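Generate the whole structure from the sequences, applying the supplied hints.
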Amino acid sequence: MRNGVQIMVAGIGSPHGDDQAGWEMAREIERRKYSHVSVKLARTPADLLDWIEPGRDLLICDACQGAGEPGSIHQWEWPCGQLDEIRWSGTHQMSLTGVLALAEQLGRLPQHVRIWAIELHSNHSGESLSAAVQARVFAAVEAMCEDISNSVSQGEIEHA
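Take the sequence shown: its letters are residues 1 to 160, numbered as in the working numbering.
No lab work stands behind these hints: they were computed from the structure. Here the structure is a predicted model, which is why all the values come from computation and not from measurement. Where is the CB? At the ideal position from N, CA and C, for every residue including glycine. A couple of the hints might just be wrong.
Unchecked claim - Derived DEER-like restraints, expressed as beta-carbon distance ranges:
1. His36 with Phe138: 20 to 28 Å
2. Ala131 with Gln105: 22 to 30 Å
3. His16 with Asn150: 31 to 39 Å
4. Tyr34 with Gln93: 25 to 33 Å
5. Leu102 with Ala131: 21 to 29 Å
6. Asn150 with Glu30: 17 to 25 Å
7. Phe138 with Gln105: 19 to 27 Å
8. Gly107 with Phe138: 16 to 24 Å
Said to hold, decoys possible - Derived SDA-like pairs: lysine to any residue, alpha-carbon spacing no greater than 20 Å straight-line:
9. Lys40 with Val5
10. Lys40 with Arg27
11. Lys40 with Ala131
12. Lys33 with Gly107
13. Lys40 with Pro70
14. Lys40 with Phe138
15. Lys33 with Asn150
16. Lys40 with Ala132
17. Lys40 with Gln6
18. Lys33 with Ala139
19. Lys40 with Gly55
20. Lys33 with Asp147
21. Lys33 with His16
22. Lys40 with Glu53
23. Lys33 with Gly126
24. Lys40 with Ser95
25. Lys40 with Gly66
26. Lys40 with Cys80
27. Lys33 with Arg56
28. Lys33 with Glu142
29. Lys33 with Glu146
30. Lys40 with Glu142
31. Lys33 with Thr44
32. Lys33 with Leu49
33. Lys40 with Glu28
34. Lys40 with Gln75
35. Lys40 with His112
36. Lys40 with Pro15
37. Lys40 with Ala143
38. Lys33 with Gln6
39. Lys33 with Ala143
40. Lys40 with Glu69
Here it is in structure tokens:
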């Protein structure tokens, strides 16, 4: 185990419809009260630039479109060319991939970055998640918790 492994979980989203999925996953991780995990909620990927540190592993939670069936869970490790083909939830002025590339150029990107996403059911702007997405939040969080446990026991986030 690497001493002092610190992980930041960043949920990206908004209070509208399925765009809440990233926030819900991050909030559920926060409820687990890991001593080595900090959780932040972002409205845009650009918010990450204020928080990320090279010495902390980074797990990003978001909703996406174009990666599979509604409610499907996806994970990618940065860098990954497939991410350029995915549309992310919300109306981000700067894309998630653009923010990660910029952080890398600035020397601020952590060595281990994993992105977890749930496929949107719809872009509806209602107050709650769709049933398809809500049903999968818990499964995504369980997989993320396994990721977090592996990062501590093996000193890093495992590579897929």
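Q: Could you check the hint for me, namely that Tyr34 and Gln93 are 25 to 33 Å apart, CB to CB?
A: holds (31 Å)
Q: Would you mind confirming whether the straight-line C-alpha gap from Lys33 to Ala139 stays at or under 20 Å?
A: With Cα atoms ~18 Å apart, Lys33 and Ala139 stay inside 20 Å; holds.
Q | Distance restraint between Lys40 and Pro70, which requires alpha-carbon spacing of 20 Å or less | A | Violated, because 25 Å separates the two Cα atoms, which is more than 20 Å.
Q: Measure nothing beyond the straight line between the CA atoms of Lys40 and Gly66; if it is 20 Å or shorter, mark the hint as holding.
A: violated (25 Å)
**Q.** Verdict for His16, Asn150 (Cβ pair) under range 31 to 39 Å
**A.** holds (33 Å)
Q: Could you grab the alpha-carbon distance between Lys40 and Glu69 and see if it respects the 20 Å cut-off?
A: violated (27 Å)
Q) So the hint says 17 to 25 Å: do the beta-carbon atoms of Asn150 and Glu30 match that? A) Check passed, 19 Å falls within 17 to 25 Å.
Q | Hint consistency between Lys40 and His112 [alpha-carbon to alpha-carbon, up to 20 Å] | A | Within the cut-off at roughly 17 Å; holds.
Q.
Please verify whether Lys40 and Val5 have alpha carbons no more than 20 Å apart.
A. Since the Cα atoms of Lys40 and Val5 sit roughly 17 Å apart, the hinted pair holds (cutoff 20 Å).
Q: Compare the distance between the alpha carbons of Lys33 and Glu146 with 20 Å, and conclude whether the hinted pair is satisfied.
A: holds (14 Å)
**Q.** Agreement of Lys33 and Gly107 with the hint, judged by alpha carbon distance not exceeding 20 Å
**A.** violated (29 Å)
Q) Hey, Lys40 versus Glu142, does the alpha-carbon distance stay inside 20 Å? A) The given pair, whose Cα atoms are some 18 Å apart, holds under the 20 Å limit.
In terms of the numbered hints stated before, the structure departs from hints 2, 5, 7, 8, 11, 12, 13, 16, 21, 23, 25, 26, 31, 32 and 40, listed from lowest to highest.
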